[in-house]
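Novice: For the record, the sequence lines run as chains A and B. With my numbering applied, the first sequence corresponds to residues 1 to 297, in that order. With my numbering applied, the second sequence corresponds to residues 1 to 275, in that order.
A hint or two may mislead.
Derived DEER-like restraints, expressed as beta-carbon distance ranges [to be verified]:
no. : chain 1 : residue 1 : chain 2 : residue 2 : range
1   : B       : 195       : A       : 86        : 30 to 36 Å
2   : B       : 162       : A       : 290       : 46 to 52 Å
3   : A       : 281       : B       : 37        : 53 to 59 Å
4   : B       : 191       : A       : 192       : 31 to 37 Å
5   : B       : 180       : A       : 290       : 30 to 36 Å
No lab work stands behind these hints, which were simulated from the structure alone. From the three backbone atoms N, C-alpha and C, an ideal C-beta is built for every residue, glycine too.
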Amino acid sequence: MARRRPSPRLRATVAAFFFLLPALLLLGLFEIGPVFYSFYVSLLRWNIIGTPEWVGFANYLALRGDPDFWQAWLNTAYYVLLSVPTTMALALLLASALHRPLVGLGALRTAYFLPYVTAANAAAIVWFYVFHPEAGGLLNEALRLVGLPRQRWLLDPRLAMPAVAITQVWHLLGYQAVLFLAGLQNISREYYEQAAIDGASGWRLFRYVTWPLLSPTTYFVLIISLIGAFQVFSPVYIMTRGGPLDSTMVLVYYLYRHSFEYFDFGYASAIAYVLFVFLFVLTLVQRRTIGTRVHYQ
Amino acid sequence: MKRRDDFVRYAVQVALVAGAVLVAVPFLWMLVTSLKEPDQVFTQPIHWVPHPVRWRNYVEAWQAAPFARYFLNSAVVAVVTTAGQLVVSAMAAYAFARLDFYLREPLFALFLGTMMIPEPLRLVPNFLVLSRLGWIDTYLALTVPWMISVFSIFLLRQFFQTIPQELEDAAAVDGCPRWRFLTQILVPLARPAVLTAGLFTFIGSWNAFLWPLIVTNRETMRPIQVGVATFFQEYGTLPNLAMAASTMAVAPVLLFFFLVQRQFIEGIIRTGLKG
């Protein structure tokens, strides 16, 4: 009785799951598992002391009536509006400039990329003093040189969030520029040559060749920077602790405070879950709307 | 026409150099302040050359907190995370790139889908699980959860796919098993992609903050980012000491980056994103 040899596909499947085993274990344990587990925790009243108590959707209902939570959303949205378009516009401009033969091109790219390599919080510590309201704070010194009045920056509820945004624009600019640079280098020269023959130059070249052909990159950068910006934490933790007057209380800092300062894990998980669902829907909506208008070569 | 092009080129060159200087000013200020006397930090106008040069700031900062231990922790965590993640990613990338197996497409979609899970969602559940395992204040908590990176898997898979199937068939005829083909042929061939993935992981791990902040309580377990943040909280009123600490925290990364920057930036440009 001859045993049938397993099909090649079946053998490949056995091999594949061997190779995938560590990745699957880690992914299940630390990425997918937490999606379900944190939803479960969000249905509990769970302080570090005492036993968890099942409360259903009470945490979510409490969130709905929590003015600080809505303020955190508003603050985060304000931060996103300040930082994302600014960084992307500057990065695109920078990438277009770096995408040409220049003296010291490598050194220039490195210089702009350096802030990204240095940790966000080491950078935030430096910027804390850059915004220092006293004389000698770099930014106030710069304002003085151009004849503008000194500002209180991180101590001023109106200026604290712009200050955080400036720090992050500085931190992320080089990284996004490199992503745009990658996109620009993927556009075939032929398109430019063709357009030049048709008499296009300067702005028209950018508007009708570069911009549409760069759209997959722009779309990618937009998504990752939106997702990143909604999760801003380090500069807030270092520079303002959510203040002054809660003006920089962003969502992840609010979440951090409830989970690891108040140890209210149920409530914190509800906050995390709302953020997760929001980002999920945001990505899907973007894929449907902007994603369909992206031009591929 | 020609002269106009030249003008544009010079203008762009000048603007870029000026911009680079502007970007570098906070670094420069950090360095200068780290060498100042406390009462000279906030003088007006700013003195860009510290006088006298106070090297003692570094000694005092170093003695005020266990920086040697912070560095050691960060180095161990970054190396172990990077090594582990590269092994896990290379194996998974091999399966997705070169094996035709049941459930390949839905599994790959699942992997990519997990990129949409934000880090904050993982904080509480992972903290609860790891504290039950007794991993708080251990290197395990700082490394193991970060050994999975879908980005690295995706990057390596893209690269592995470009290697012709004939090469693997020939190796198989010579009796080379899949495992050896991966480790001795595929990974060396994919060196640029492996280096890029490794660099991203290393720098990401060295710079990680929120997670280490949560899973380390004992001072001896803190990596440098948490260490420097707590130092800042305690010594923030002494900007010269805080800047000395920041300089120390940033220096190894800068040094490392200068050694590999070409690989890093070219790596993103070449392998990072293809339309």
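Novice: If a hint holds in the structure, say so; if it does not, say that too.
Specialist: Hint check:
1. Distance hint for residue 195 of chain B and residue 86 of chain A: a CB-CB separation of about 32 Å, consistent with the stated range 30 to 36 Å.
2. Between residue 162 of chain B and residue 290 of chain A the C-beta distance comes to about 29 Å, which lies outside the given range of 46 to 52 Å.
3. At about 54 Å, the beta-carbon gap between residue 281 of chain A and residue 37 of chain B stays in the expected band of 53 to 59 Å.
4. For residue 191 of chain B and residue 192 of chain A, the Cβ-Cβ distance of about 32 Å falls inside the hinted range of 31 to 37 Å, so the restraint holds.
5. Between residue 180 of chain B and residue 290 of chain A the beta carbons are some 45 Å apart, a value that contradicts the proposed interval 30 to 36 Å.
Checked against the numbered hints given earlier, the structure breaks hints 2, 5 and satisfies all the rest.
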